[in-house]
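From first to last, the protein sequence lines are chains A and B. The opening position of the first sequence corresponds to residue 1 in the working numbering, with each subsequent residue numbered one higher. The opening position of the second sequence corresponds to residue 1001 in the working numbering, with each subsequent residue numbered one higher.
Calculated directly from the structure, the hints in this document are not laboratory data. Source: prediction; values computed, not measured. Any given hint could turn out to be false.
[As the list claims (entries may be wrong)] Computed footprint of chain B on chain A, listed as stretches where at least three residues anywhere in the stretch have a Cβ under 8 Å from a Cβ of chain B:
1. 42-54
2. 59-65
3. 117-127
4. 142-155
5. 179-191
6. 210-218
7. 221-233
[Stated by the list, open to error] Facing chain B, from chain A, some residues (calculated, C-beta under 7 Å):
8. A102
9. D103
10. G104
11. D175
12. Q265
13. R275
Yeah, the Cβ is synthetic: ideal placement off N, Cα and C, and Gly gets one too.
Protein chains: 2
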Amino acid sequence: MPSPRIGVVGATGAVGKVTLGLLAERGYDDVRAFASARSAGSRVELGGEALVVEEATPEALSAGDLDLCLFSIGTSGSRELVPHAVRGGAIVVDKSSAYRLADGVPLVVPEVNGARALEHAGIVANPNCCTIPLTCVLEPLEEAARLRRVRVATYQSASGAGVESMERLAGERPDEHDLRADWDFDGVEYEEEEKLRLETRKILELPELPISPTCVRVPVMVGHAEAVWVETEQPLSPDDARSLLESAPSVRVVDGFPSPGQAAQTEDVLVGRIRRDPTEENGLALFLACDNLVKGAALNAIQIAELLLSRAALAA
Amino acid sequence: MPSPRIGVVGATGAVGKVTLGLLAERGYDDVRAFASARSAGSRVELGGEALVVEEATPEALSAGDLDLCLFSIGTSGSRELVPHAVRGGAIVVDKSSAYRLADGVPLVVPEVNGARALEHAGIVANPNCCTIPLTCVLEPLEEAARLRRVRVATYQSASGAGVESMERLAGERPDEHDLRADWDFDGVEYEEEEKLRLETRKILELPELPISPTCVRVPVMVGHAEAVWVETEQPLSPDDARSLLESAPSVRVVDGFPSPGQAAQTEDVLVGRIRRDPTEENGLALFLACDNLVKGAALNAIQIAELLLSRAALAA
């Protein structure tokens, strides 16, 4: 199979840059970078090589010369441009929330529900950066003991809110750092919390799973963490949960506290502090950390793409 | 009643400095500052006035010329020095964990169990900086609907770990900020988590209350926050919980996200995001923030002291 022709849309953003780095590392060389008119003409790096950023127009994306488009732009941008890329014949892996809950669009974490990716009609959605590590950890527990309830408090880094949020954090004095909740609020919960609940249910194929999330932005540059309480239908000891997670793909069990700094620039979901939740008979508590730009975003998209490419190669 | 003769032990620390500020604001003028030999001779501020720091020796503290000692030094220091201050006739309000769980030592949040302070035999313990705001919020819910289970994820600021931790945060580059768990670890949980559970049970006088805490240090300078899930025996709507909390002393219900930055340098426990925990029939979720140096430490100690002084005045 020839090298696939890949377009990275949103190439100047936090996720786009990580995407280009991972593509270069993995040896993809037929890559084009797209961004808004404002960034068109600037340069981004693919391995050692400079790519000139092209404007992401309907015409450019639908021209028929891309096999695969990795989108990491905002929801409204994706709504506008993704259909053009699909029309041009590309398979789109989209990071925005535009299509995640749409019927007929697979929402995929390859380790959890990779087979669903093959059911796409042009678009596969890449989940929220908190949903991806959470489902990697919940899936083996569900398989072994059935999930009854999940509560999760997040510690989300600035990079999850994009380059501007990173720049704001970088420009703050330390005594200005604060916790934030910089998401749309419906009066009861933040949109981020609804995403985390609805996406987790869709990926795990547990449409009624009770999940109560509290999402918080913390003054950390890269890496999201989550304090998780899980109640299972069948008993599951912390030791058994640990063994299950040690065998789970993309999960790395650590002995100490899994911090975002430790997870940053790695491809794994770090899990630790696996212990009994003493408040419930079948309760477990654990803590996870993950690079929100890597496995939480760019890497998961590339893994989805590779899963589709390998199936295409087998079919060819 | 003449102005009480007050000793602030640990006067150069993060809590000690806030204690001196609050004492000055409240008009106390017969105040002496004590600290370790290293800091003796340096100056601290009481209102506009400079106090020369005295060395906190057994002799100085037991000389019989102090009515009240507010200790905010480490646990081993308190174990060594508190008995001398008591021997000298002072009532001690101690911020360390040395005496908090000891039989016969009241552990007091005045709004929650103030009457217990009167049962002291020389020492009243001042709770952990996460326990104080948590019990302020749990008490009215317990009164109204009985607590069945509590889960809490903390977001604790650097100042909770003292001046050195604040200096480290101030000296970090923003991309070096990370979540930490800088407490003693017994292999399953951090000492901080055990404190939060055992102290909350003692203060609320619910020795079996199931509590599952996850404690995390965040790169914020001042102000602790907590994501809390509460299950009650009787049903309690979010609106009713809000009304109860609006009437609770030292609690201020806010409409948006209660952040540490908003709580900093205020005397209140901010509570918001009071909503159903949809995973449990009688479940509520909420978020709180509190200045860990003020209500979480220095102010609570002064309030305990004032409670004892007012009773002493009434009895005199």
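- Compare the structure with the hints numbered earlier in the document and write down the numbers of the violated ones, lowest to highest. 1, 2, 3, 8, 9, 10, 12
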